[in-house]
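2 protein chains.
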Amino acid sequence: MGRCVLLFLLLGFLMSGVAIPLPPALRALSNVRLSTSFTSLPSGDMEHSIRYVQQKVDHFGFKTDRTFKQRYLIADKHWKRDGGSILFYTGNEGDIVWICNNTGFMWDVAEELKAMLVFAEHRYYGKSLPFGANSFKDSKHMNFLTSEQALADFAQLIRHLKRTNPGADNQPVIAVGGSYGGMLAAWLRMKYPHMVVGALAASAPIWQFEDIVPCGVFMKIVTTDFRKNDPDCSESIRRSWDAMNRFSRTGAGLRWLSEALQLCTPLTSSQDVQHLKDWISETWVNLAVVDYPYEANFLQPLPAWPVKEACQYLKNPGVSDTQLLQNIFQALNVYYNYSGQAICLNMSETSTSSMGHLSWSYQACTEMVVPFCSNGFDDMFEPHTWDLKKFSDDCFNLWGVKPRPSWITTMYGGKNINSHTNIIFSNGDLDPWSGGGVTKNITDTLVAITIREAAHHLDLRANNAFDPMSVQLARSLEVKYMKQWIRDFYSSLRKKH
Amino acid sequence: MGRCVLLFLLLGFLMSGVAIPLPPALRALSNVRLSTSFTSLPSGDMEHSIRYVQQKVDHFGFKTDRTFKQRYLIADKHWKRDGGSILFYTGNEGDIVWICNNTGFMWDVAEELKAMLVFAEHRYYGKSLPFGANSFKDSKHMNFLTSEQALADFAQLIRHLKRTNPGADNQPVIAVGGSYGGMLAAWLRMKYPHMVVGALAASAPIWQFEDIVPCGVFMKIVTTDFRKNDPDCSESIRRSWDAMNRFSRTGAGLRWLSEALQLCTPLTSSQDVQHLKDWISETWVNLAVVDYPYEANFLQPLPAWPVKEACQYLKNPGVSDTQLLQNIFQALNVYYNYSGQAICLNMSETSTSSMGHLSWSYQACTEMVVPFCSNGFDDMFEPHTWDLKKFSDDCFNLWGVKPRPSWITTMYGGKNINSHTNIIFSNGDLDPWSGGGVTKNITDTLVAITIREAAHHLDLRANNAFDPMSVQLARSLEVKYMKQWIRDFYSSLRKKH
Chain A
1 MGRCVLLFLL
11 LGFLMSGVAI
21 PLPPALRALS
31 NVRLSTSFTS
41 LPSGDMEHSI
51 RYVQQKVDHF
61 GFKTDRTFKQ
71 RYLIADKHWK
81 RDGGSILFYT
91 GNEGDIVWIC
101 NNTGFMWDVA
111 EELKAMLVFA
121 EHRYYGKSLP
131 FGANSFKDSK
141 HMNFLTSEQA
151 LADFAQLIRH
161 LKRTNPGADN
171 QPVIAVGGSY
181 GGMLAAWLRM
191 KYPHMVVGAL
201 AASAPIWQFE
211 DIVPCGVFMK
221 IVTTDFRKND
231 PDCSESIRRS
241 WDAMNRFSRT
251 GAGLRWLSEA
261 LQLCTPLTSS
271 QDVQHLKDWI
281 SETWVNLAVV
291 DYPYEANFLQ
301 PLPAWPVKEA
311 CQYLKNPGVS
321 DTQLLQNIFQ
331 ALNVYYNYSG
341 QAICLNMSET
351 STSSMGHLSW
361 SYQACTEMVV
371 PFCSNGFDDM
381 FEPHTWDLKK
391 FSDDCFNLWG
401 VKPRPSWITT
411 MYGGKNINSH
421 TNIIFSNGDL
431 DPWSGGGVTK
441 NITDTLVAIT
451 IREAAHHLDL
461 RANNAFDPMS
471 VQLARSLEVK
481 YMKQWIRDFY
491 SSLRKKH
Chain B
1 MGRCVLLFLL
11 LGFLMSGVAI
21 PLPPALRALS
31 NVRLSTSFTS
41 LPSGDMEHSI
51 RYVQQKVDHF
61 GFKTDRTFKQ
71 RYLIADKHWK
81 RDGGSILFYT
91 GNEGDIVWIC
101 NNTGFMWDVA
111 EELKAMLVFA
121 EHRYYGKSLP
131 FGANSFKDSK
141 HMNFLTSEQA
151 LADFAQLIRH
161 LKRTNPGADN
171 QPVIAVGGSY
181 GGMLAAWLRM
191 KYPHMVVGAL
201 AASAPIWQFE
211 DIVPCGVFMK
221 IVTTDFRKND
231 PDCSESIRRS
241 WDAMNRFSRT
251 GAGLRWLSEA
261 LQLCTPLTSS
271 QDVQHLKDWI
281 SETWVNLAVV
291 DYPYEANFLQ
301 PLPAWPVKEA
311 CQYLKNPGVS
321 DTQLLQNIFQ
331 ALNVYYNYSG
341 QAICLNMSET
351 STSSMGHLSW
361 SYQACTEMVV
371 PFCSNGFDDM
381 FEPHTWDLKK
391 FSDDCFNLWG
401 VKPRPSWITT
411 MYGGKNINSH
421 TNIIFSNGDL
431 DPWSGGGVTK
441 NITDTLVAIT
451 IREAAHHLDL
461 RANNAFDPMS
471 VQLARSLEVK
481 YMKQWIRDFY
491 SSLRKKH
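If you're matching them up, the sequences are chains A and B in order.
If you use this note's numbering, the first sequence closes out at 497, no skipped numbers anywhere.
If you use this note's numbering, the second sequence closes out at 497, no skipped numbers anywhere.
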């Protein structure tokens with residue numbers, strides 16, 4: 001959920017030689033915004049209220065007592081004061097309405113769990129801006145954008161919900177989140193176990209930090225997704241980079257490339273070609289991330305199984321450079337022009353109205369330092385090493401901050417988390433982010449669910465007729481665990497009285 | 001350990017009408033410093049190295065990348081690289097050398113646990129000053145003094161120790177602390193269970209916040225300590241306040257009081273008398289807190305069982321006002337003049353060289369908001385209600401900060417901590433702070449040890465021939481738990497390999 005955003009930005013760092021913000025990153029985020037506008041507001045069964053809660057801008061310092069309004073959505077149609085529960089979505093890097101609209105799972109299980117649904121917006125995203133329009137001005141204003149502050153917001157909001165909703169006080173809260181939101185759900189349970197009885201952490205790559213997993217694992221899974229559809233597909237992509245490089249040597253080559261790919265803005269330099277390759281890499285990544293079994297509109301309006309759709313144009317890696325790149329264009333169109341409305345492909349579009357990309361770029365430059373690399377052998381991308389020094393310099397130039405790549409491990413424990421309890425880590429086997437996720441049970445109560453044929457947090461999406469059996473079973477199992485946590489909560493409550 | 005300092009400051013707030021810093025509070029802290037100078041540096045078996053580690057001034061924000069040097073003491077005489085352990089003292093509100101010198105328990109058990117001993121100084125105390133001499137200048141410089149920052153320092157230091165001491169990497173760390181340091185030990189285990197396998201939280205009043213325990217419990221226990229020695233003793237003290245009030249009505253009365261109590265600075269106003277009563281209250285509190293069974297020098301050089309010593313002068317509450325107050329003077333002398341060197345009692349002495357009092361006053365004004373009250377019936381003190389509004393105003397006047405009295409409960413869980421494991425909460429039954437402590441087992445691994453005839457963290461002090469059997473048994477039990485944690489650590493390590 002919006003995790004792709006993270007990816008874009010990180011890949012932007014990794015693969016291009018320019019300072020942040022990178023055009024591909026920004027474009028990627030503008031896509032996110034675009035998709036939001038495509039999605040209708042919840043209606044009928046998804047009816048909710050929009051509320052706000054006052055939060056301290058700084059939970060961890062007292063110099064300022066300034067507060068801001070955090071937005072949250074609340075739906076209580078199926079909530080029962082007697083024996084009910086609270087499902088609490090730990091918002092991630094996007095507008096909470098967009099997130100809510102893409103988390104049908106919670107709506108689907110509300111009745112069964114007698115649950116109040118709450119979707120909490122992450123500070124510095126959507127309408128939850130600590131300094132209003134100035135929030136993204138500089139490192140001084142961005143200083144309160146950390147996962148720790150976000151978790152503290154969630155903890156305070158839970159206290160607020162329990163105080164202000166009669167009957168909620170003695171009910172179990174379950175954290176739910178996908179992607180970065182899944183990390184936050186897991187971390188909320190780890191750091192505030194008195195606030196939530198358990199967490200469903202969907203597609204949460206909590207181990208994609210430092211050297212816990214190899215930096216190449218992500219691109220390797222992307223490649224596998226394409227190769228599984230057709231080995232010629234990944235091979236076509238692998239060969240396309242050199243083809244682009246060959247065209248980039250002359251003005252005529254650049255002109256041909258610009259026309260063949262129907263770019264809105266023609267390429268004029270080798271730097272432009274680097275951007276082009278970053279942009280195309282990110283497109284393949286994105287297709288893998290949202291490779292859902294039905295038509296969907298998460299980052300873009302897309303057909304069912306979009307990787308397969310793209311691969312149908314990439315069946316022959318042995319063709320000439322011109323033919324290969326014309327095929328690549330057709331494949332890109334699956335992602336950028338499923339609606340058939342685009343008159344050209346815009347790789348340099350930037351977003352001015354959307355501010356979320358700035359926030360994630362800051363988070364990636366501070367705490368959320370995710371090392372990425374590719375080697376061209378295990379994956380279909382051009383080789384890129386992970387260069388922390390360069391990454392750090394870029395961050396300093398952009399934000400005046402230096403990343404602390406080992407902090408997340410110090411704070412949240414890395415692989416050493418077995419003393420915690422009641423966390424479900426779910427991962428789709430198609431999801432590139434599963435490489436940094438928990439895919440094996442750690443203990444009886446820290447459990448992993450791997451979902452075959454599933455991309456990024458498919459389990460959090462609404463039930464769909466085209467869902468594979470695997471995700472239906474995963475959702476049943478998730479509900480089973482949640483019911484167990486709820487029962488345990490009420491049983492220990494009864495013991496107290 | 002130094003917790004009395006906390007008490008002084010809080011009582012200062014509670015009982016006097018003036019802004020902070022209060023003379024009694026400052027005097028109390030100057031006593032602490034005095035006692036430090038009395039204590040010789042560890043020698044022989046207590047040999048250690050003094051080291052420093054670079055810490056981020058702000059672990060939770062990236063605007064500044066500034067660092068400071070945190071001091072820690074390390075002793076590895078008994079440490080074994082093979083099968084050893086690390087005992088990590090989570091420093092509290094005082095100079096770490098003073099704390100180390102008063103934590104003989106760790107030295108006594110080092111050999112048995114093959115343990116490296118580490119004593120980490122708390123930021124803003126001793127020599128661990130984030131901004132050097134400017135650290136206490138204003139709320140801007142004090143902004144990084146919180147328990148969360150201190151815990152993050154400890155976590156970073158543990159990572160540093162494991163990186164820089166070959167053999168330490170695969171060893172279990174056990175947190176140990178007394179008083180506020182005991183809270184930090186417990187909280188370190190709760191928040192960073194990947195860093196420490198367990199915690200010994202001695203005399204840690206983790207529940208003395210908000211309304212978790214009645215605000216009067218502390219003064220009630222102080223009173224019980226005196227009454228148990230002799231009901232006439234507590235009754236004498238209870239009656240002494242009115243006697244002082246009666247003397248305060250005239251200049252002659254003030255002069256008599258000043259002379260009878262041999263005050264260094266004569267009383268001249270009713271406000272001075274309020275200070276006098278605060279100062280005397282704090283003295284009784286202090287005697288109860290350090291009511292050790294042998295001569296000791298923690299806050300002051302004191303005889304064995306100092307409450308009993310003081311009470312021998314307070315056997316007859318029915319005497320005249322003048323006789324009663326002369327008796328009070330004798331009792332005060334037990335605390336202030338055991339050495340026989342004092343030529344007058346100095347209730348307004350303030351400390352300029354000691355800076356720790358400022359830090360604790362700031363902590364009490366921000367996170368560590370401990371409500372105190374007395375009613376004169378259940379205790380021997382004048383009635384005082386807990387006035388949060390006034391407290392908050394005083395804090396704002398002094399520091400420009402507003403206390404957040406419910407934050408500690410939000411952060412650390414209040415009474416709802418049963419999902420954590422491996423914490424020993426030890427409390428002495430004479431210790432007024434036991435009222436806010438965990439004195440009953442919560443689960444099999446969150447255990448309470450109540451120590452009869454013991455004052456404030458007696459168990460952390462060195463073995464002594466006059467120790468009651470209760471504290472000897474408590475220490476054995478503590479070691480037993482620690483050995484179990486160490487065994488569990490190595491057994492799960494073996495399973496991994």
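Hints are supplied without guarantee of correctness; some may be wrong.
Identical copies look the same in the list; a pair holds intra-copy or inter-copy alike.
In silico DSSO-like pairs for lysine-lysine, Cα to Cα no more than 30 Å straight-line [what the hints assert, rightly or not]:
hint : residue 1 : residue 2
1    : Lys-162   : Lys-415
2    : Lys-390   : Lys-315
3    : Lys-228   : Lys-114
4    : Lys-77    : Lys-228
5    : Lys-162   : Lys-440
6    : Lys-277   : Lys-496
Keep in mind the hints are simulated off the structure, nothing from the lab.
The structure presented is a predicted model; accordingly, all values stated were derived computationally and were not measured.
(Q) If the cut is 30 Å between Cα atoms, do Lys-277 and Lys-496 qualify within a copy, between copies, both or neither? (A) neither (61 Å within a copy, 42 Å between copies)
Q. 30 Å Cα cut-off: does Lys-228 pair with Lys-114 within a copy, between copies, both or neither?
A. Classified as neither: same-chain Cα gap 41 Å, cross-chain 55 Å, threshold 30 Å.
Q: Using 30 Å as the alpha carbon limit, work out where Lys-162 and Lys-415 are close: within a copy, between copies, both or neither.
A: between (33 Å within a copy, 16 Å between copies)
Q) Is it within, between, both, or neither for Lys-390 and Lys-315, if the alpha carbons may be no more than 30 Å apart? A) neither (37 Å within a copy, 77 Å between copies)
Q. Within a copy, between copies, both or neither: where do Lys-77 and Lys-228 come within 30 Å Cα-Cα?
A. Neither way: Lys-77 and Lys-228 sit 43 Å apart in one copy and 59 Å across, limit 30 Å.
Q | Intra- versus inter-subunit Cα pairing at 30 Å for Lys-162 with Lys-440 | A | Between copies only: 27 Å across, 34 Å inside.
Of the numbered hints stated above, those contradicted by the structure are hints 2, 3, 4, 6, listed in ascending order.
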